[in-house]
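Enquirer: As a plain string of letters, each chain reads:
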Amino acid sequence: MIRSRKICAVCASAIALACGGGGDHPSGDGPRVAVTGAAAASSVTLAVMDAWARPADSGATSAAYLLLANRGTTADTVVGVVTEAAESATVHQTTQHEGTMHMSAVSTLPIPAGAEVSLAPLGTHVMLLRLRRPLRGGDTVTFGLLLASGDTLRVAAVTRAP
Amino acid sequence: MRSPRLALFLSIGLGLTACAERPWHGIVLDPATPAPPLTAAGVAAEPASRFTLASARGSTVLVYFGYTHCPDVCPTTLADWARARRALGADTLSVRWVFVSVDPTRDTPADAAAYARQFHPSFEGTALTDAELAPVLRDWSIAAYPEGDPRTPDYTVAHPAHSFVVDAEGRLRLMIPPGVRGDSIAEDLRRLR
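So the sequence lines, in the order shown, correspond to chains U and S.
Residues 1 to 162, numbered by our numbering, are exactly what the first sequence covers, in order.
Residues 1 to 193, numbered by our numbering, are exactly what the second sequence covers, in order.
Errors might be hidden in some of the hints.
Unchecked claim - Some chain U residues well away from chain S (every beta-carbon gap over 10 Å; in silico): (1) 50; (2) 52; (3) 62; (4) 71; (5) 84; (6) 92; (7) 99; (8) 122; (9) 130; (10) 138; (11) 146; (12) 149; (13) 161.
What the hints assert, rightly or not - Restraint-style ranges between C-beta atoms, simulated for each label pair: (14) 137/U with 91/S: 24 to 32 Å; (15) 80/U with 106/S: 52 to 60 Å; (16) 145/S with 150/U: 51 to 59 Å.
Simulated from the structure, these hints should not be mistaken for lab results.
All C-beta atoms, glycine included, are put in the ideal place defined by N, C-alpha and C.
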C-alpha cells in the first residue's frame, strides 16, 4: 500500500492527490513535509508534474517519468520507490559511454530547495519491473517516492505512448 | 571492415562538413563500407523470426541492438522509429525496421518480434543466440553484455546506443544517436535514396 502522509503531489492530469493536511503539522511523529501556507515557512514542498508511464505487458518492464519541483526552502532526497503495480521499482539512470548505453540504480536523488528535477527519457526514470498488470494507454499507475525526510510522495502517472 | 566508432569520429570532420545543403541528423559513415554480416537464425517454427541482412538487399534497413526488458532507451528509440515510419508514409515500402535482441538469456526471437510490433506492426524483431551474438559484436565493433547478476531476473544489458542504417546496396551509411526524433530520422532516410 502506498504510504501517503502529508504531501503535495500535483499531477498534470489532476489525478494525483492534492495537497494533504491543509498545512497543519500534526504533533509527535507527524510528517515533516509540509504543504503551502503560512505554517510551512521552513518546509519542503514538493510537487509532481507531467507524470507518465510507458505502455507494457503484464510481467514486462515499464518506466515512468515526471518533473519534481521543490517549491520549499528545504532540500529533500528521493531514497526509494514503493508500488503495488510492479514486483520491484527503483530509480534508474541511463547513461551513454563510448557508444554503449548503460543503466544504473540511483540510490539517492537529491531535490534541492527551489529546484526542479526532471525524470525524462534517456535519463533518470522510475523503472517498474515485472508489472503485475498490463499498462495500456490511458491507464494510471501509482507509486510512492520515498523521501529522506520520512515522507512518501505519491505519484499517479498516466500511461501513454511515448 | 572500418570500425563504426572510427567512422564516427571521421565523419565529424568529413561527412558532416561535406554536406552542402544541411547537416544530417544521423552520423554519416563516409566513405560507406559494406555492412558487417548479421544473421539471426530464429527458430524453425517461426520463420518470421529469422533475419539475414544479406537477404534484405534492395531495402534500406534500420537495425537496433537492444533487449525487451529495456525500460528507457530501447522504447524511446523504437517510438522514434514509429514516428519516422508514419512520417515516411507511402515511402516506407523499401524500408525495413529490425530490432535485434542482444539478451539471449531472456529474449527469444518471438519475444523480440512481439516487442517490436508493439511500436509498429511492420517492425521486425529477432534475437541472437549466444553463439550468434559474439561474431556480431566483433564484426560490428559494438558491445553488449549483462550488467548486474544475470542469474537474477532484473539485470540490465549494456547495448549499442545508435541505430544503424544500411542502404539498399548493403552499405553501412548512418548511425542515428538515441534521441533523434522521428521526423528527423525520416528526413535522413529520404535523403539516403
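Enquirer: It remains to establish, for every hint, whether it holds in the given structure.
Expert: Evaluation of the provided hints:
1. 50: Per Cβ check, residue 50/U is outside 10 Å of chain S; nearest 16 Å; holds.
2. 52: holds, 12 Å
3. 62: Residue 62/U not clear of chain S: closest Cβ-Cβ about 6 Å, inside 10 Å.
4. 71: With a cut-off of 10 Å, residue 71/U remains clear of chain S, as the shortest Cβ separation is near 27 Å.
5. 84: At about 18 Å from chain S, residue 84/U clears the 10 Å cut-off, so the statement holds.
6. 92: violated, 7 Å
7. 99: violated, 5 Å
8. 122: violated, 5 Å
9. 130: violated, 7 Å
10. 138: holds, 16 Å
11. 146: Per Cβ check, residue 146/U is outside 10 Å of chain S; nearest 19 Å; holds.
12. 149: Given a closest Cβ separation of 27 Å, the condition holds.
13. 161: Answer for residue 161/U: violated, closest chain S Cβ roughly 7 Å.
14. 137/U with 91/S: 24 to 32 Å: Given about 27 Å between the Cβ atoms, the range holds.
15. 80/U with 106/S: 52 to 60 Å: violated, 25 Å
16. 145/S with 150/U: 51 to 59 Å: violated, 39 Å
Comparing the model with each numbered hint stated earlier shows that hints 3, 6, 7, 8, 9, 13, 15, 16 do not hold.
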